[in-house]
Amino acid sequence: MLISRHARSILSLTTRMLGPADAEDVAQETFVAAYKALPSFKIDSKFSTWLYRIGVNKCTDSLRSRRPENTSLDVISDEGAMALAVADDETPHDELEQAELAWELDRGIQGLPQIYRESFVLRHIEGLGYEEMSAILGVHRDTLKMRVYKARTLLCQSLAHLDGAYR
Amino acid sequence: MMKHTFDMAGPGDDVELVQRFVDQELSAEERVQFLSRLGRDEALRRRTIELEKLVLDTSRLPRPIVPDGFAASVLKRLPDVAPSLSSANAGPWRRLIDAFFAPRALRWNLASAMAVASVAVLVIAAIVVRSGSRANALAGITPVSSAPSTTLVRLVIMQPGAKTVQVAGDFNGWNPARTSLEQISDGAWAVTIRLKPGRYAYMFVVDGKQWIADPFAAEQKDDGFGSRNAVLDVRPTETRPGASL
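Taken in sequence, the protein lines are chains A and B.
The numbering used here puts the last residue of the first sequence at 1252; the count rises by one with no breaks.
The numbering used here puts the last residue of the second sequence at 243; the count rises by one with no breaks.
Just chain A, same shape as in the assembly (with noise of 0.2 Å):
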């Protein structure tokens, strides 16, 4: 029950922050590590805070982890450019150039510093605000505001060869 109510909002982390190819194995690990963990939960606590903290740091663990050859950038590039490939043959401009904002920006994202990039996603992507935020990263509202910021002004400067509101 609480995998399936959950298991998009971790799967979507996981994604952003790690890309495809690790994302479903970390979110497993997230779940699992929450399975474990589930005697020491406070009941007064809220679950989702909870488990989305334990998912921050899986996904903290699989980018320690990682070989510099074998990031997740690389991957992503390989599988946008495909799915680039397919859209060109298959779908009219505006969603050609919807397709191709949300690879960018997807590529954006994950070529963030990771404290930037976990506070933009759980921020715009999981829409949390910035008080269940510090509670699942631990730190300060002003500092992920902070955080915040500085991913939204490095992103719009990774689009803005785009055409657009992005210079």
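Treat the hints as calculated values from the structure; they're not laboratory data.
All C-beta atoms in this analysis are idealised placements derived from N, C-alpha and C, irrespective of residue type, glycine included.
Each hint can be trusted.
Not everything, but these chain B residues come out facing chain A in the computed CB check (under 10 Å):
| id | residue |
| --- | --- |
| 1 | V13 |
| 2 | F214 |
| 3 | R226 |
Place chain B on chain A using the hints.
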């Protein structure tokens, strides 16, 4: 609380203001002044639009689809860690773990998937069953049925030491006296209620006086009075075998 006027703001202040605007943290007065200034300051306007577009585009990124068999894969990895739960074997946590992760239910579902008309599970402690389906694989849960247009939802909460536990929400006029939970094991309380698809805010009431939001709810929202309600999202039940995982 506004510490300066926007017309006099320096570059550093602009950064903070734009970020607070994007985060929707400006007061109504600040917002009016900020928007007024946007009309006169092209650079600030471009910067604001840029950030707003980034937030919008990010929110539109597709959410990953949970692959079939995800929960089964998790549960396959659980036996290796099960011994670590020995300290909780006899207590309420053991039952909570069983109920929430329900590995026995999974095995039952996998083995019986083709025979099950429909079984779906919603929020943490909520079990959703449509007419003709079986959901009694979870420990301590009695088989239930429902009319096709409604859904049976089971709410469970751990409250060791409580004498009574009730639930109040949008579905019962926020009157806890209308819906009492029964103690199903040491410290575990449960009730099954029939709901139409929709979104329902609710809170548990312990011993008639302590109002608490469901700690296991996936979603909570402000109640407008300084507290937070849990939110139950009841959707039309899926009929895919294995949807209960």
